[in-house]
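In this note's numbering, the protein residues as written are 1 to 165.
None of these hints come from the bench; they were simulated from the model. Any given hint might turn out to be false.
[Stated by the list, open to error] Cross-link-like lysine to any residue pairs, in silico, SDA-like; alpha carbons within 25 Å at most:
no.: 1; residue 1: 72; residue 2: 48
no.: 2; residue 1: 142; residue 2: 59
no.: 3; residue 1: 34; residue 2: 78
no.: 4; residue 1: 130; residue 2: 143
no.: 5; residue 1: 61; residue 2: 108
no.: 6; residue 1: 84; residue 2: 108
no.: 7; residue 1: 26; residue 2: 38
no.: 8; residue 1: 130; residue 2: 105
no.: 9; residue 1: 72; residue 2: 26
Here the structure is a predicted model, which is why all the values come from computation and not from measurement.
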Amino acid sequence: MCIRDRYQRRVHGEISEQFKEMKTHKEVTSSRRKQRRAHFSAPSHIRRKLLSAHLSTELRKKYSVRAMPVRKDDEVIVVRGNFKGHKGKVTTVYRRKWCIYIDKLQKTKANGAPYQIPIHPSNVTITKLKIDKDRNDLLKRKAVKAIQKGKGEKYTVKDTALTPD
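Construct the complete structure from the given sequences, taking the supplied hints into account.
This is the structure we're talking about:
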């Protein structure tokens, strides 16, 4: 079904059963335009969560958590983009610009002055966390939720063992 056909069916009130069952939550919109508006006009305390990054495999095994909000003094490695492979410590989390700045990631301007390059947190992986009391509590809460949902325990050793036929 092409886009024009879908549009005509929606305009004329002929919505198929497939589209009727897609919406599950009545209070939350499924409109792309409204989702984008909510995302880009999000307040600072919500942007903190949106500016999260994945943890490295070692940290993921240690804490049983997949991702955490990035903060100053975390050590990260860039895994996407032109600066892939660069490592460094986060110097600033700039919520207004949706980016982070890494200490060793900079270029020089024509006059010789250095400037830092903004990187989106989804393009980095956290390799070392700066742990304080609040962050430790958050890690514990997230780990408990993961265990309750049964995440990370999809297969047991018995399931993966090769058995002769």
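Against the structure, the hints:
| no. | hint | verdict |
| --- | --- | --- |
| 1 | 72 <-> 48 | holds, 12 Å |
| 2 | 142 <-> 59 | holds, 13 Å |
| 3 | 34 <-> 78 | violated, 31 Å |
| 4 | 130 <-> 143 | holds, 17 Å |
| 5 | 61 <-> 108 | violated, 39 Å |
| 6 | 84 <-> 108 | holds, 19 Å |
| 7 | 26 <-> 38 | holds, 16 Å |
| 8 | 130 <-> 105 | holds, 20 Å |
| 9 | 72 <-> 26 | violated, 38 Å |
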